[in-house]
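Here is what each chain is made of, one letter per residue.
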Amino acid sequence: MIRIHPHSARGSADHGWLQSRFSFSFDRYVDRARMGYGPLRVINDDIIAQGGGFGMHPHRDMEIITVVIEGQLEHADDQGHRGIIGRDEVQFMRAGSGIVHSERNAGETPLHLFQIWISPKTKGLSPAYEQRRFDAFEQRGTCVRLVGEGGIAIDQDASIDSLILEPKQRIVLEAPAA
Amino acid sequence: MASGAVRLGEITLRSGDEAQIEGEAVNLEALEEAHLLIFEVGL
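Residue numbers (my numbering), protein chains in the order written: chain A, 362 to 539; chain B, 2 to 44.
By construction, these hints were calculated from the structure, which means they are not laboratory data. All figures in this text were calculated on a predicted structure; none of them were measured in a lab. Ideal placement from N, C-alpha and C gives every residue a C-beta, glycine not left out. Please note that a few of the clues may not be correct.
Have a look at the derived ranges for each label pair, beta carbon to beta carbon [claimed, not checked]:
#: 1; chain 1: A; residue 1: ASP449; chain 2: B; residue 2: GLU33; range: 19 to 25 Å
#: 2; chain 1: B; residue 1: LEU44; chain 2: A; residue 2: PRO367; range: 20 to 26 Å
#: 3; chain 1: B; residue 1: SER16; chain 2: A; residue 2: GLU499; range: 16 to 22 Å
#: 4; chain 1: B; residue 1: GLU11; chain 2: A; residue 2: ARG493; range: 35 to 41 Å
#: 5; chain 1: A; residue 1: GLY511; chain 2: B; residue 2: SER16; range: 23 to 29 Å
#: 6; chain 1: B; residue 1: ILE12; chain 2: A; residue 2: ASP449; range: 25 to 31 Å
With the rest of the complex left out, here is chain B (with noise of 0.2 Å):
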């Protein structure tokens, strides 16, 4: 759940918008100031 705008690999996400990752690592960078809330759940 993203706060500002962040670059998820090829991905731009904005505020609101949410990703859902399975079993890899993503690289991250802020195109500005973002707050993200990261949650992790077992299945």
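One chain only, chain A, in its complex shape (with noise of 0.2 Å):
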């Protein structure tokens, strides 16, 4: 079965250095029908503006995984932990028993990345943060694994990955395992 959510159907907020658009609510855009998907809570598709961003703000018990797109994203949270984050790197935080940061635009131009809000399978872990660069990410044609087995580690049976595709090129998604 295949069901198609059209871009036109996102959720969307305008706040000037930040353009968002919501595949779930979240803040202001509430969708009972669009809450989620299993423990895939958030999927937040966010361009933040130069010298834009996020400023310390609390998070529990999520499991948080931000894809670069584009530009370059300045993390720092209340753990001492303080990254750049551009293109071809992803950034796992464990919000777990509570965690405080921010995160900013910290290149010269927009930043593109989607945000992920998974929810955990248990609840008050430690805090943690990973970044990992992922060298085949421009790769044409492979699944690239971000999260998941062989990927990012996460307390969930979750996994993302990024596929990028030249003109013309086909692959085959083979349906999960059962």
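Hints given; two lone chains; assemble the complex.
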């Protein structure tokens, strides 16, 4: 079964410095039919203007993955982690029992990222942070495992792959094993 | 989640479109350069 959710049906927000598109209910965008899919709770498609960002704010019990499409993201948190994340890198932050962090555009161009929230199996885990470079990120025609077995480990039965295709390139996506 | 245009069976996905696929293999063909994020979750 295939269901299509067109881009025009996504939620949106325009804060000037931040243009967001929401796959699922988030902030002031609430659609009871779009509250997530299993443990996948948030997919936000954000464009953050130069100099813009989110000040220190808390999270709890969420596996938070940020995939940078263009630009540079600067991260800082109250656990002492600091980092700049670019296009071929993925950031993982386990909020666990509680973490406070900030995110801002550290580059000279708009920052385009996807932020993904996945509910963990286990509540109250110790906060954790990982930032990983994927050398194969730009390869064409190959699924690059970012999160899950073979990628960044999270506390959930979930995976995220990146796939870049050239024009006319074809691939078969196999159904996951039952 | 697609960026660029891809054909998914008989369906065309364009930037920002999402396809939720349950329990079947699918054929993908890029109509232009495309970048997809593919999520798999246990329910």
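Consistency of the hints with the structure:
1. ASP449(A) to GLU33(B): 19 to 25 Å: Since the Cβ atoms of ASP449(A) and GLU33(B) sit about 22 Å apart, the hinted range of 19 to 25 Å holds.
2. LEU44(B) to PRO367(A): 20 to 26 Å: Given about 23 Å between the Cβ atoms, the range holds.
3. SER16(B) to GLU499(A): 16 to 22 Å: holds (19 Å)
4. GLU11(B) to ARG493(A): 35 to 41 Å: The hint (35 to 41 Å, Cβ to Cβ) holds, given that GLU11(B) and ARG493(A) are roughly 37 Å apart.
5. GLY511(A) to SER16(B): 23 to 29 Å: About 27 Å separates the Cβ atoms of GLY511(A) and SER16(B), which means 23 to 29 Å holds.
6. ILE12(B) to ASP449(A): 25 to 31 Å: Roughly 30 Å apart at Cβ, these two residues keep to the hinted range, so it holds.
Checked against the numbered hints listed earlier, the structure breaks none of them; every hint is satisfied.
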